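Participant: Using the hints provided, position chain B relative to the given structure of chain A.
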Amino acid sequence: DVKVTQSSRYLVKRTGEKVFLECVQDMDHENMFWYRQDPGLGLRLIYFSYDVKMKEKGDIPEGYSVSREKKERFSLILESASTNQTSMYLCASNSPNTGELFFGEGSRLTVL
Amino acid sequence: GENVEQHPSTLSVQEGDSAVIKCTYSDSASNYFPWYKQELGKRPQLIIDIRSNVGEKKDQRIAVTLNKTAKHFSLHITETQPEDSAVYFCAPGGFGNEKLTFGTGTRLTIIP
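Chains as they are written, first to last, in the working numbering: chain A, 1 to 112; chain B, 1 to 112.
Simulated from the structure, these hints should not be mistaken for lab results.
Since this is a predicted model, take the numbers as computed values, not measurements.
Glycine residues also receive a C-beta, built at the ideal position from the N, C-alpha and C atoms.
Some clues are possibly wrong.
A few chain B residues facing chain A, derived, Cβ under 8 Å [what the hints assert, rightly or not]:
#	residue
1	Tyr32
2	Arg43
3	Leu46
4	Asp49
5	Phe102
Isolated chain A, as found in the complex:
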């Protein structure tokens, strides 16, 4: 069974803090994605990666960066958290041979 694990389910941070969200998948998937989910806005793509050390900007990359040093791990970094980054963050992975995205359980971030 495919497993995508996000390290933190709930985080509370202060404005200006640096935030790391970690995601690990165990299915040897090449592709990994970070989305944020907000009510009424659906899932919006922040960054994605097709391979180790590769990254591509999604639709809303401003204020975020990512790191993919190993195939199974994709990290989302908020260099200086702001209140408008309070959201649910979802990591996902898939193989280029199948379209299906496998999601983690999500990390709910609150920035005070």
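Facilitator: For chain B alone, coordinates are given in the frame of chain A:
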């Protein structure tokens, strides 16, 4: 980029009746058309998908129909049951190493 519109945003259906959700997209190059279901507090999961060389696909009570000329595809749920209550997202895009753009979601409520 892809512009995706999903309608309706909310839908209430009597148990046993049918539900239809429509997704309109802008990018004529899109060739992959999935639907995801997200139950309350859970991760999104793929329920059905279709490739652009097929006009319709059915899996038990759910089906997806595609009109490439008009650039829209629809999710059909027949004989609805309480467990169908969830938020449904369309996510048209490319297959393989391509990003998907999610719609804003449809909250489906099945009335017992």
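Participant: Does each hint fit the structure? Answer for all of them.
Facilitator: The hints, checked one at a time:
no.	hint	verdict
1	Tyr32	holds (5 Å)
2	Arg43	holds (4 Å)
3	Leu46	holds (5 Å)
4	Asp49	holds (6 Å)
5	Phe102	holds (4 Å)
Of the hints listed earlier, there is not a single one the structure fails to meet.
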